[in-house]
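K.L.:
Sequence:
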Amino acid sequence: MASTSHNARMSPATPDSPHSRHDPHHHHHASPALSSLGVPADNAPSSESLHQLLAVAHSKYAAHPHSTSRDDLCLVLARLDGWTAQMVEAGLVQPVVRTPTASSGVSSPRSQTARPHYDPTVAAATSKVLEAWLLAGCIAYTLGDMNRAVKLNMRILRVDSGYVEAMSNLAAAYRLQHRDAEAEAWWSRAVNLRPTYWDAADHLFSLLCSQRRYSEAASVLAFVEQHASPSGLPDDLSRYLAIIHAKGTLLYAMDDHFGAADAFARVLTVAATGHSAARDTQVVSLQLLIHRVRSALEARYGPRLLLAPSDACGCLADVFGGDLPSLREVPDSQNRHVILQTTANTLLTLAKIVQDGIAAGHAGGGPGGSGSGNNNSAQQPPTNSDNKTASADTLLKIIGHSPSAYDVLPMYYLSLALHPSPSTANNIGILLASLAPAFPVPHEHALALEYYRYGLSLDSRHPHLYTNLGSLLKDQGRLADAVTMYEHAVACDSNFDIALANLANAVKDQGRIGDAIKYYRRAVTANPQFDEAVCGLANALNSVCDWTGRGSAGVELSGVDAQGNVCLNYSAGWISRILEIVDTQLRSGLQWGLGTVAAEYSSIVNNIVLACGYSGPEDSQMAPWLSELRRIRESGTDEGAKVVELLEAAAKVARWRYYRDLYVSLPGGVKGKYHRPLLPNSLALPAAPTVLPFHTFTIPFNAVQCREICRRTALRVSISAHRYSWLSEEVYPPPPPPSPELRVGYVSSDFNNHPLSHLMQSVFGFHRETDGSRSPVYGICYATSPADSSAYRRKIEAEAHEFVDVSGWSTQAVVDRIVKDRIHVLVNLNGFTRGARNEIFACRPAPLSIAFMGFAGTMGAEWMDYLLADRVTVPGSAVRKQSQGSGQRILKHHNCANQADWAYFEDVVFCKHSFFCCDHRQSAPDAMDHNDDGAPQKADSEEPGEVEARWQAELTRRASMRAEIFPHLPESTLILANFNQLYKIDPAIFLAWLRILVLVPNSVLWLLKFPELGTTNLRAFAMHWAGPEVANRIVFTNVAGKDVHLLRSRVPDLFLDTPECNAHTTATDVIWTGTPVLTYPRHEHKMCSRIAASVVMSSCGGAMRSDDKNISQRLIVHSEAEYEQRAAELCMSGVNGELLEMRKAIFQGRESAEIFNTRRWTRDVERAYWMMWNRWVKDGGKVTIGENYDWNLYL
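At position 947 of the sequence shown (counting the first as 1) the number is 946 in numbering that gives the first Met the number 0, and the numbers step up by one without a gap.
The hints are simulated quantities; they were obtained by calculation from the structure and are not laboratory data.
Predicted model only: the values in this text are computed from it and were never measured.
Be aware that one or more of the hints could be misleading.
[As the list claims (entries may be wrong)] Below are the DMTMM-like pairs computed for lysine to aspartate or glutamate, each with C-alpha atoms no more than 20 Å apart in a straight line:
#1 1181 with 1150
#2 1177 with 906
#3 880 with 838
[What the hints assert, rightly or not] With beta-carbon atoms standing in for the labels, derived distance ranges:
#4 971 with 752: 37 to 43 Å
#5 177 with 400: 50 to 56 Å
#6 1158 with 789: 38 to 44 Å
Beta carbons: idealized from backbone N, C-alpha and C, even for Gly.
Generate the whole structure from the sequences, applying the supplied hints.
P.N.:
In C-alpha cells:
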C-alpha cells in the first residue's frame, strides 16, 4: 500500500482559518473548484472512487506538498473527510487483526486474518479509507493543524493498531506540539513493529540525540541494524547503509572507537563486497579490505603511496576494476549517489579515527592529526578528555597491526574516488605534510599543496583548506603567501579561531605586531579556551609592554590589574593563565606513551640487547636496564618519554662499542652489528607545549616548568628524527681517532649579520692557530641559512678551516655530510631559536654534541651531551645532584636529590671565566686607534704613560656623542639606560626604574623603540603610575646599526639591566665602552637571567675602585630592593662621582678583561672539546653512574 509519512524537520504551515467539521450525514456535491482539480463528483463514494480521489490527492500533495496552494489542500482534505465518513457510515470499514511472525517476534506486514463473514470488498475499502486518513493527516500537518493530524492518525490506529506509518506520523505531530514523551513512545512502537521503517528510526534517533541520550540513540540504531537484514541484503540498501553509518558516527562521537569501527566495517564490507559479513568477522573483513586497497595502490604507485589528486579520484578502477560491487545491482541513480556518499564518509571517518590515534601517540608513523572531517551529527555529544582518540589496542584491532600513515592514505584516496570532498582533500593534505620536514620542499609537501588546491576547486570557501595551505606555505618560508591564505580563511569564517591565530603568528613574523594583537584578540574572543591563541596574545602583549590585565605570577611581587593599576603580590590575569595552561599541558604530557613498557616489553629489551651487544636478556649486564624498565613501568607516569630516553642511551652505547671495536679492541675490524634501537611503534609525535622554550626566558616559570617545556619540545624532535625512513638500521660509523686534529662541526643558521656572528666571528679563524700544536682543532661550519653578503658571513667563510652552505640541503644530506667529514664533536649554536635544525643532532651524526651561545637554557634532550656554562650562569643549585641509592640508574635526570631545583639535562662544561664569547677586541669600531699617518695602532700597544691620555680622549668622544644625541640635556643630568628589546621589560622592573627616577631627580631613562608600538604603552603606564614629571623623563630613540649602537653605548652613565631576562650581547656592548651595568640575577635556574652577571664578573671582576672595593660586587645585586637602592647610591655622587670612577676602571681594563679575550676563550673551548672526547673514548660505554661521580667538566 502506498503511504505518505511526515518529515519531522518540515516547517509546518499555519492555517489561515479553522476548517469546518464535516457532518457524516451530509452529502457533498463536487464544487467547480474540486472539479477543476480533477476530484470525482461521485456522490456515492466507493472503493474505486476513493482510489481515484487518492490518486489525485497524491499528485497534488505527496509529490509537491509546498507547491500546492492552501486552498487546494483544504478542498482535498474536505473531500477526503467527507467520503471516508460516508464509507464508515456505510459499514465499509472494519478492524484489522495482526499476527506476529514466528521468526522475528515482530508484527507481520498488515493483513486481515480469516474470520466469519469476511468480505474482500470491505477489506479493500478499509485499506483505501486508512490510506485516505493517512494522507489527510499529512495534509493537516502541512497546514499546521496538529490537533487534526493527531485525530486522523489516532482514527487509523483504532482500526489498525499496527499501522506503523500512522504511528510515525502521530509521533511527528506530537513532536511539534512539544509532547516529546508521547512522540518517543509512538516512534519506539513503530520501530519495534517494523525496524526497516527508516523514517521512524531516523526521527526517534534525532529525538534521543536532541535530549543528549546518546547511548539510547545508539541502541535504537543497533536494533534496526540487527533486524534489518536477517538474511541477505535489504531492498533499500542506501537507507540501510545510512543507518549503520549514523550508528558508527554516534559511537565515534561518544569515544567508543572500536564500536564505531565495527559499524563502519559493516558499511564498508557490504559496499565493497556486495554481501553482508557475519558480525564476528566484519572487522576482519575490514582489515582485508584495507589490505586490498593498499596492495592495489602500492602495486601501481609504489610503497610511498604518493598519488596525485587525479590518480586518487580514479583509484576505484585500481581496487575494484570498476564500480563498487554493491552498486552493480542498484540501477537507481539517486540511491547510487547516496550509497557512494555514505561509503565515502565512512572511509573518511574511519581514516580520521586511525589518523588521530596515530597523532596522539597510540601508533607508529608520526603523521599529524586530521583537520576538519565529515560529521553529520546535528548534536555533538560530550567527549571524555582522557579518551578522545583510539587507544593502541583499539587501533590494533581495527587495522590488524600497529598502523602508520600508509594505512590511512589508501582509505582517504578511496573515499575521494567514491565522492570528491573538500574535507577529504584537506585531510590528505595534512597527512602528506606530516610525512616529511618542510624544507627543502619534498614531494610529499608538493602533493599536499596539490590536494589543498584541489579541495579549494571543490569548495572555494573552505576555511580549513585555506588555513592548512597557509601553514604549509609558512613552513616553506613563503610568509607573504601564507598570510594571504590565512586572510582568505578568515574571510570565509570570521570566527575561525585557528585561522585567526595562524594569521596573527604570520603577521607578527612580518613585524606587524599591532595587527597580530588584533587577530589574537579575535581568536580568543571566538574561543576563550584556545590555548595557542591565549599564549600568542600574551606573548604579543608582553613584547610591546601592554600589561593591562596581566596580573602577576610566580615570584613576582607586583602585577597589573584589568584597569592598568599596580597590584601587590599575586593577582589573577593572563600571565597566571599562561602558567595554568603550561601546568595542564605538562601534566597531560606525563600520560604520553602510558602502557608502552607493558605492551612492547620484549621489543624494548631486544633493542637494548642488540645495541649494547649483550648475549641476551639474561646477560648480567642487562640488570640495570631491566631495573630501569621496571621503575618506568611502576611509576605510572612519563612512561613514553623515559622509554625514548632509555633507548637513546642504548644508542650511545652502540656508537661507543662501534668505535672501540673499530679502533681500539679490534683495530681495523668490527664485531657484529651496531644496532640503532628502534622506538616502539606505539609512540608517535607527542603534543608540543603551547609555550615555546624561548618564551620561558620572559615568563616567571620555575625550574621544573622550564626544563619540561624544553624536554617535551626535544621529544618531538626525537620522534620525528627516529621516524625518518632513510635513517640507517645501525648507528653511524664513528670517526677515526684524531690524527692529529679533533674535528669539530658548528651548525647554525646565524652565520650572517646576527648577534652570534658579532660575538664569535673570529673564533673559527683562531682555530687555525692550533694547527701543528699538540691539541689541534679543525673547525667546519655548516650554515643552514643562505648567505646575506654581510661582512660577518664573508669573514667566517674566509677564516674557518671549512665552510659548507647546507641551507638548501635535506636533513639526510646534512647528516651524511657530517658523518663523511668525520666530526668528533658537533656544536649546536642555535638551540631552540629561529632557524634551528635540531633534528640533525637527534640523528646523532657525531659521537658528541654540545650547545652554547644560541640558546640560554637546557635543550632537555638525550641527544645533547654537554652545555657550556660557568659557575655564575649555572650555580650549584641548578645542577643535578644524585640521590642516595641511585648508583645503578641509567636515566640520571630522574629521582635527583634536588628534583624541584635542577635545570639542565646536559652535563655541564664549566668555564673558569665567563662562558660567553665576545669578539669586540678584534672587531669593535674603536678596537684600534689610528696614528697620525692613519696606520692602525692596537690599543694594547700603548705605553703606560699614554693610558691617561687615552682616557681623556674617550671622555671627549663621549661628551661629543652625548651632546649630539641629547643636545638640550644639561651636563649634570644622569643618563640611565636600557637597550634591550622591550619584551624583556616586565612591570616589576619598570616600576623599579620609575622609583629610581623619583629617587634621582636629575636623571633621565633612555630606552629604545624596540618595537616602536611599545613606547606608547610604556609612556602611558609611566604617566599612570608615576605622573607626568617622571614620565616625561623617559626618552626613546630609534634602534641603530651595530657599529653606531656600540659607539653610542658609551653615553649612558649607568645601564639598568632587566632581571627576568638579562642583556646578553647588549651587556658586552655596553661594558666594552666602559659603561657600568647594574644587574640582578633573579633566578638560579634560568641562565638567561644570569648572563649579565657573568659578563660583569669577567669584565671587571678584578677591577677595583680607589677605595679598593670590587666593582662587580657593587654592580651585581641580589634583590629588587637592593637593585633600586644600589642604583640610587651609584647616582648620588652625580656624573663625576662613583659612576665615572667605575667607568674609568672598566674602560682602562677592557684590554685585559677576560670577557674580551677571544683567543683565550677559544683555547678554553678547544680544551673542553678535547676533554669531552677523551672522556668519551674512556667512559662512553658506561651506562650507570656512581652516586658521587661528577659527570661535569671543569676548565
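K.L.:
Confirm or reject each hint.
P.N.:
Outcome of the hint check:
no. : hint                      : verdict
1   : 1181 with 1150            : violated (44 Å)
2   : 1177 with 906             : holds (16 Å)
3   : 880 with 838              : violated (29 Å)
4   : 971 with 752: 37 to 43 Å  : holds (38 Å)
5   : 177 with 400: 50 to 56 Å  : holds (51 Å)
6   : 1158 with 789: 38 to 44 Å : violated (23 Å)
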